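Using the supplied hints, reconstruct the complex from the two chains, each of which is provided in its own coordinate frame.
Those protein sequence lines, which keep their order, are chains A and B. For reference, each letter of the first sequence is one residue, going 1 to 301 in our numbering. For reference, each letter of the second sequence is one residue, going 1 to 278 in our numbering.
Calculated directly from the structure, the hints in this document are not laboratory data. These numbers come from a predicted model, not from an experiment. There may be inaccurate statements among the hints.
[Unchecked claim] Incomplete in silico selection of chain A near chain B, CB under 8 Å:
#1 C21
#2 I48
#3 L50
#4 Y96
#5 R98
#6 I102
Yeah, the Cβ is synthetic: ideal placement off N, Cα and C, and Gly gets one too.
As a plain string of letters, each chain reads:
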Amino acid sequence: MLETEKLSKKYEHTAACTDICLSIKEGQVFGLLGPNGAGKSTLVKMIIGLVRPSSGKALIMGRAAGDIEVRYKTGYLPEMFRFYDWLNAWELLSFYARVYQIPADKEKLAIQEALELVGLKGREKGMIKTYSKGMQQRLGLARAILHQPALVLLDEPTSALDPLGRRDVRDVIKRLQQRGTTIFLNSHLLGEVEMTCSHLGFIKRGHLIDAGPIADFMTKEQEITVEVDNLNHDLFTRWNIEGRAVNMNDKLLQLKAVNREEVPVIINEIIGAGGRIYRVESRSRGLEEVFIDLIENDGAV
Amino acid sequence: MKHVIKLTLKEVVNKRIIHLGIILTLIYLLIYGTGLYYTVKDLGSQGEQFFLLQQIGYQLLILGWYVSTFMVGSMAVITGAGSISQEIENGTILGLASSPLKRSTIILGKFIAYGVVTSLYSSILLTAVMGLNLYFCRLVFDPWGAAAGILIFMLFPLTLLVVTMLFSSLFSTMTAGISAFMVFVVTIIGGFVEQIGALMGNTALVNIGIISSLLMPADAVYRLAVAQASGTMAQSSIVNFGPFGIASTPSTLMLVYTIVYIGVLLSAAVYYFQKKDL
Chain A
1 MLETEKLSKK
11 YEHTAACTDI
21 CLSIKEGQVF
31 GLLGPNGAGK
41 STLVKMIIGL
51 VRPSSGKALI
61 MGRAAGDIEV
71 RYKTGYLPEM
81 FRFYDWLNAW
91 ELLSFYARVY
101 QIPADKEKLA
111 IQEALELVGL
121 KGREKGMIKT
131 YSKGMQQRLG
141 LARAILHQPA
151 LVLLDEPTSA
161 LDPLGRRDVR
171 DVIKRLQQRG
181 TTIFLNSHLL
191 GEVEMTCSHL
201 GFIKRGHLID
211 AGPIADFMTK
221 EQEITVEVDN
231 LNHDLFTRWN
241 IEGRAVNMND
251 KLLQLKAVNR
261 EEVPVIINEI
271 IGAGGRIYRV
281 ESRSRGLEEV
291 FIDLIENDGA
301 V
Chain B
1 MKHVIKLTLK
11 EVVNKRIIHL
21 GIILTLIYLL
31 IYGTGLYYTV
41 KDLGSQGEQF
51 FLLQQIGYQL
61 LILGWYVSTF
71 MVGSMAVITG
81 AGSISQEIEN
91 GTILGLASSP
101 LKRSTIILGK
111 FIAYGVVTSL
121 YSSILLTAVM
131 GLNLYFCRLV
141 FDPWGAAAGI
151 LIFMLFPLTL
161 LVVTMLFSSL
171 FSTMTAGISA
181 FMVFVVTIIG
191 GFVEQIGALM
201 GNTALVNIGI
211 ISSLLMPADA
221 VYRLAVAQAS
231 GTMAQSSIVN
241 FGPFGIASTP
251 STLMLVYTIV
261 YIGVLLSAAV
271 YYFQKKDL
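Same shape as in the complex, but just chain B (with noise of 0.2 Å):
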């Protein structure tokens, strides 16, 4: 296994497109750093005004955190898409496949890898953004809450991995790719559809949240992750009525389900795989 994940690690490394997905998140972090700084400039921070920026500032963080999502849910997707199949399209699986590794043994270890890869990624990348709303917007984290979002919001991209995964072993690069996107997609639809339901105390519309939920959690831990990070903060600000907040806040089974959720998948995966003809 640890051969596995050392090759993998070190193709990570040698990725192009990881090169330019680090250049394009500094430039997000300096455009949003810009942003909160001329945001800050222009409120001012004193008196009356201190009120009005920590709510804007929390939208702000809010919505950093949502751009946030999206970054590292391409990353996951790309990472993933090609894990197993783009090996199959060009042979190097082959060697790989043929040598005394067990095709288990190959899913779990870049499995493993990719997931290392692409947690650390999320956990700078809001560690970067609530770094900035600290520094200019002087927000106030409770620091075990803030690390216990950023904790959950690890499993943000391992679930799209694991679905990325899942369709690489069954599918080409291609399909696999834009089908993950696709579910990402669905369930952040789905998760705007269900915090407006609760905005409207709609129950169906939180119901189909909650389904959405179910075929992929990712949007259910960015919301578990926020509510985790935000803390108080979150209660007296007017964004969380809104498609990004947690007017509806799931429940933590949602967590033990998203593990559960992974640990299937990745089983499909390796089932699908070892079935294969290569």
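Same shape as in the complex, but just chain A (with noise of 0.2 Å):
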């Protein structure tokens, strides 16, 4: 569905994004983490030909960037969202009907579905000067998804939002991912992320450290607690020259282990050990302390 390759964008002393190389298939909904200013957003206005990359290409269903048929496929909610507040939101989204070549007869369904969607039934009428930011947020996702595009990419997409708002965009989100809609998430809420994304990418200064679908990260690495009687020194010696973050405190161990696989393999060395284990928790790390982890410590940048 989309492609990037070796995508760059440099500007006069800074490199926004550098030979990011993407491929997203149809119906994953892909979220990109970053930290504030890592280029997540150009990278977005380079997909969809808003800013023209230095080097590299992004394809859409086989063809370039900023396409006009590319486009008909295609809604984009940018993070910076404004409209025209002369108009009201039913005048607006008719106006893009138009722009998209909706069918005459099939306009009032689509732009009563889109504003259902969304949660802004009944408030058509209203100018869009009066709308809250949050009510313009979600006008701007009604106009992403008005023309029901096979793509659609949203840049903060919950930015002004109030969490029962953020449910809303989920709920959209989950219905979009139904019907077969590829995603391409911005954010910077992880939550947000982790609740919708089927695949995952961190971006940091413009390079993408990594990506790949989200139960690779979430597996990736397990943080074990044991309650635990006679540990063995020596073991505690070993994973601690391992690096797994070791900690024990009032017969409470705390490691890390490199995966679930390991977790029984570690227990099976405390009882060989002697040691004599009381209980047991394991869980995924959280996607905040991968992100953590990776947009701080990853040494490549």
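What follows is the structure in structure tokens.
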């Protein structure tokens, strides 16, 4: 659905994106995570054709980014969303329905569906200038999905929303996913990404440092808490040398395992060395920990 | 294209500055008409006074048209200055430019809509000024000449609009507006210099005026429009020997140049907007 090949954008003194290579398949919900200024919005703008790449290319459905035919099948919600505030929501969506060549007999239904999906039904006759920021963001989302695109690019779609609004957007994303829509979601709200995305990418200072299915990131490392008595000190020393961030506090042992399969191995080692185990807890590292680890500790960039 | 034109027309209707412009125009016409009324009242319009009234009436007509150029020019600069840059500054362009509309369609659609509005405004304003003179001073116009003059004058706001839109695709709204207005002022001064040069028989001054008209042919368009609309009246009036007059009338080739000028600058605006990162 979406491929980028060494996509780069350089400004006079800075590189916003460098050699970004991505491949997003049809139906995936891809979340791009990165701190502010990492190059997330620039990447999306290059994909939609608003920013010209310095080198490399982006292909949507095999066609170049910015291609007019591709835009009929693409929806985009910008981070800095603003609309003509002298229109009402219905007029704005009607304008875009015509731009996207939605047949006249289907226009009304398409607008009603989009408004209902984003929770603006009944508010469509209100002037946009009277809308709150959250309502404007919902309207932006309605505009992005109005023509039922195959690919939707959402740049910080919940930045102006309250928790209920965020939940609504998650529901919209789920419904789009059920329709088979591919979604590219830019966000730094980790919980939101964790709940909605099937795939993740991490960007730092314009470099894509890791990407893949979300399950790979979540199961890669486990945090184990063991209530243990008579722990062998040689084991403790070895784990320290292996860099497992081991910690022992009042019979509570905490350490990291590389993956889930390592958990029973470690437990067997404790028992084999004479340790008595009363309780074991193992949990995947949260996305926040993965994010901080990748962004703060990645030495490659 | 038609969607952008319709949207832009709707925007113009909703702009407060346009409403204010219309109110100020009505006030201007009211003051101008009052001036004509008292001129006629004080001079009288019978016998020898009629010839004098015609001369003064023609002077006031030229003055009315000249003031109208400022109003039309301001309208063109105000509507064009934010046409691209303001949409970039407030982010509304992101929705438009990410849709299936080509960037050239966005520029051309806006130009057509703003062009229709400003041209219509200029023709109504000029007709109103002529109508007031016809009513109060009983100036006699050749209807075809007057119509041709008004048609030519419709190019006046288009030259300013295209310059402003080019600047708007390159600079911020403030810079675009100020720069366009400065170019407008330069061409006005160039026009003054040309007329004075013609009066004094100074070729160098005339050439300066021609060069300024090549930079922006708005003043040349104005003088061509005046020459067409006033017809035989202009030949017998002393007002032609002044900065507002047509002592030096531009060649009709200037009309061709103006149309080419608008085309080239519009293409440049499209080119720069297409290259712009949004």
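These are the hints, each one checked on the structure:
1. C21: At about 21 Å, which exceeds the 8 Å cut-off, the nearest Cβ of chain B leaves the hint on C21/A violated.
2. I48: holds, 5 Å
3. L50: holds, 4 Å
4. Y96: holds, 7 Å
5. R98: holds, 5 Å
6. I102: Result: violated, 11 Å to nearest chain B Cβ.
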